[in-house]
Amino acid sequence: MHSSGSFRRALGILAAITTLVPAIGLASTQVSGTVQSISIYAGTATTGAEVIISPALPNGTEGCSGTPANTLFIDFSSTVQPDGRALYATVLAALLAGKQMNFGVLGCALNGAVPLVYRVDVVS
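In this note's numbering, the protein residues as written are 183 to 306.
Derived from the structure by calculation, the hints contain no laboratory data.
No experiment lies behind these values; they were computed from the predicted model shown.
Accuracy of the hints is not assured; some may be wrong.
[Stated by the list, open to error] Taking CB as the label site, the calculated pair distances span:
hint: 1; residue 1: T261; residue 2: Y223; range: 17 to 23 Å
hint: 2; residue 1: N293; residue 2: I222; range: 15 to 21 Å
hint: 3; residue 1: A271; residue 2: G242; range: 25 to 31 Å
hint: 4; residue 1: L288; residue 2: I220; range: 15 to 21 Å
Virtual Cβ for every residue (Gly too), placed ideally from N, Cα, C.
Using the sequences provided together with the hints, build the complete structure.
Shown next as structure tokens:
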């Protein structure tokens, strides 16, 4: 018979593993394109920035349903560092400096409509 302390520790370890495994095991999509515009939304149901790129993405990127397929979303509600605000600042600085960017997207935002940005690479 296990003590309740051992059982609680085992549950804690299982919770930690369950939290880490999806983040490590999920595949993501690399998106390249020229940023055409950035729109920032505050105080709405979804707070963040919409990034419009060219050329358009293949329809259904990350399983997202929205059109046009040239839109990415940076969510400001994330508390994981770097958060959405830091990603937005990187995009804005790179855009103002005339740099090219690549984006890592994983999953969908805005009710499943557009790919969600989790990484920004400044490449030139």
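Hint by hint, here is what the structure shows:
no. : hint                       : result
1   : T261 with Y223: 17 to 23 Å : 18 Å, holds
2   : N293 with I222: 15 to 21 Å : 19 Å, holds
3   : A271 with G242: 25 to 31 Å : 29 Å, holds
4   : L288 with I220: 15 to 21 Å : 20 Å, holds
The structure is consistent with each of the numbered hints, conforming to all of them.
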